[in-house]
Amino acid sequence: MGKTTKNLWIQPEYPMVTWVAELGAARTRPADLLEFIDAVLAAGLRHRVFELTRAPAIDHHADGAAVSARVQAIYRERSILALFSFTGAAMAPGAPGSSTAGAVLAWFERDDRLVEGWCEDPGALLRALEPVPDSIPGGFTRSFPPLRITGPRLDYTGPSTEPARFGQGRPLEVRFAVHSDIWLPWVLGSAHPECDHRRWFDNRELATRHTPRLNAFLGAVSAAAGAIGGSWSVDHEETARFAIPWVGATGIDLDKSPDPSERMPPGMLDVEWF
Numbered sequence: 003m004g005k006t007t008k009n010l011w012i013q014p015e016y017p018m019v020t021w022v023a024e025l026g027a028a029r030t031r032p033a034d035l036l037e038f039i040d041a042v043l044a045a046g047l048r049h050r051v052f053e054l055t056r057a058p059a060i061d062h063h064a065d066g067a068a069v070s071a072r073v074q075a076i077y078r079e080r081s082i083l084a085l086f087s088f089t090g091a092a093m094a095p096g097a098p099g100s101s102t103a104g105a106v107l108a109w110f111e112r113d114d115r116l117v118e119g120w121c122e123d124p125g126a127l128l129r130a131l132e133p134v135p136d137s138i139p140g141g142f143t144r145s146f147p148p149l150r151i152t153g154p155r156l157d158y159t160g161p162s163t164e165p166a167r168f169g170q171g172r173p174l175e176v177r178f179a180v181h182s183d184i185w186l187p188w189v190l191g192s193a194h195p196e197c198d199h200r201r202w203f204d205n206r207e208l209a210t211r212h213t214p215r216l217n218a219f220l221g222a223v224s225a226a227a228g229a230i231g232g233s234w235s236v237d238h239e240e241t242a243r244f245a246i247p248w249v250g251a252t253g254i255d256l257d258k259s260p261d262p263s264e265r266m267p268p269g270m271l272d273v274e275w276f
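One rule links them: number in the numbering used here = place in the sequence shown (from 1) + 2.
Hints were generated in silico from the structure; no laboratory data involved.
There's no promise every hint is true.
[What the hints assert, rightly or not] Label-pair distances were calculated between CB atoms; the ranges are:
#1 R115 x D237: 16 to 24 Å
#2 A225 x E196: 22 to 30 Å
#3 E164 x V134: 52 to 60 Å
#4 G221 x W120: 21 to 29 Å
#5 V273 x R115: 18 to 26 Å
#6 T252 x V106: 38 to 46 Å
#7 E118 x A67: 18 to 26 Å
#8 R167 x G250: 29 to 37 Å
Please read all numbers here as calculations on a predicted model, not as lab measurements.
Using N, Cα and C, we set each Cβ at its ideal position, and we do this for glycine too.
The task is simple: from the sequences and hints, build the whole structure.
Next comes the structure, spelled out in structure tokens:
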């Protein structure tokens with residue numbers, strides 16, 4: 003006999019939502035970029051959505067509060083500014099050279115209890131909560147941190163105030179991506195046996211626990227980018243089409259709901275998985 007689950011979110015290879023801080027205006031001001039890094043890391047800790055506990059690229063294997071000091075020390079000693087290049091390009095937990103970052107998320111245990119806890123990989127968490135073995139395709143449980151932050155490595159060792167080997171016409175961006183729809187108020191339930199990619203399952207019981215903290219973090223990052231002359235936006239080309247109705251520069255809108263005719267009947271939660 004199959005089982006049921008209220009975990010209807012997934013985590014695929016492609017980002018669900020990507021926000022971008024464009025910092026080209028500060029490219030010749032490394033001190034400002036270091037302030038931005040510090041603001042992002044501090045906001046991540048404060049709102050419990052991004053704590054980097056392991057970053058081999060900068061030899062970091064401690065608590066998240068020490069990351070900023072390590073990045074600043076590298077710049078003082080070597081004139082290399084790691085503008086979130088230290089997270090690793092993929093940020094795939096367990097991959098060689100990858101970092102480890104976690105957040106406090108909410109999810110349903112196997113007995114449908116709602117819990118909140120530390121999570122470094124929602125994909126691995128979902129695999130552990132699978133209602134029936136192999137009932138969730140592997141493509142929906144890919145390994146990524148709850149929040150993925152990536153950016154370039156800037157070399158200021160030359161005589162110019164411009165970072166060396168970083169083209170002047172190249173955008174100077176730090177990207178903030180979530181790969182799971184666990185943050186969205188409504189989800190399509192792509193792994194659910196009755197998913198029709200048209201009607202929505204209500205995910206607000208989870209999203210209202212952690213998404214307000216994500217939104218507060220994004221607001222702090224947007225302000226930090228603006229303070230050094232940067233801009234902040236949603237990358238719609240790197241955002242899932244079905245997520246766009248809930249997404250804006252200020253974060254994810256938890257108050258917007260689909261029309262009643264577009265919602266899955268509550269009884270669908272009782273359908274057994276197989």
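These are the hints, each one checked on the structure:
1. R115 x D237: 16 to 24 Å: Taking Cβ atoms as reference, R115 and D237 lie about 36 Å apart, which means the hint is violated.
2. A225 x E196: 22 to 30 Å: For A225 and E196 the Cβ distance comes to about 42 Å; the hint is violated.
3. E164 x V134: 52 to 60 Å: At roughly 56 Å between Cβ atoms, V134 and E164 fall inside 52 to 60 Å, so the hint holds.
4. G221 x W120: 21 to 29 Å: Because 23 Å falls inside the window, the suggested range holds.
5. V273 x R115: 18 to 26 Å: Roughly 20 Å apart at Cβ, these two residues keep to the hinted range, so it holds.
6. T252 x V106: 38 to 46 Å: Given a distance of about 21 Å, which is not inside 38 to 46 Å, the answer is violated.
7. E118 x A67: 18 to 26 Å: Given about 21 Å between the Cβ atoms, the range holds.
8. R167 x G250: 29 to 37 Å: Given range 29 to 37 Å: holds, Cβ gap about 35 Å.
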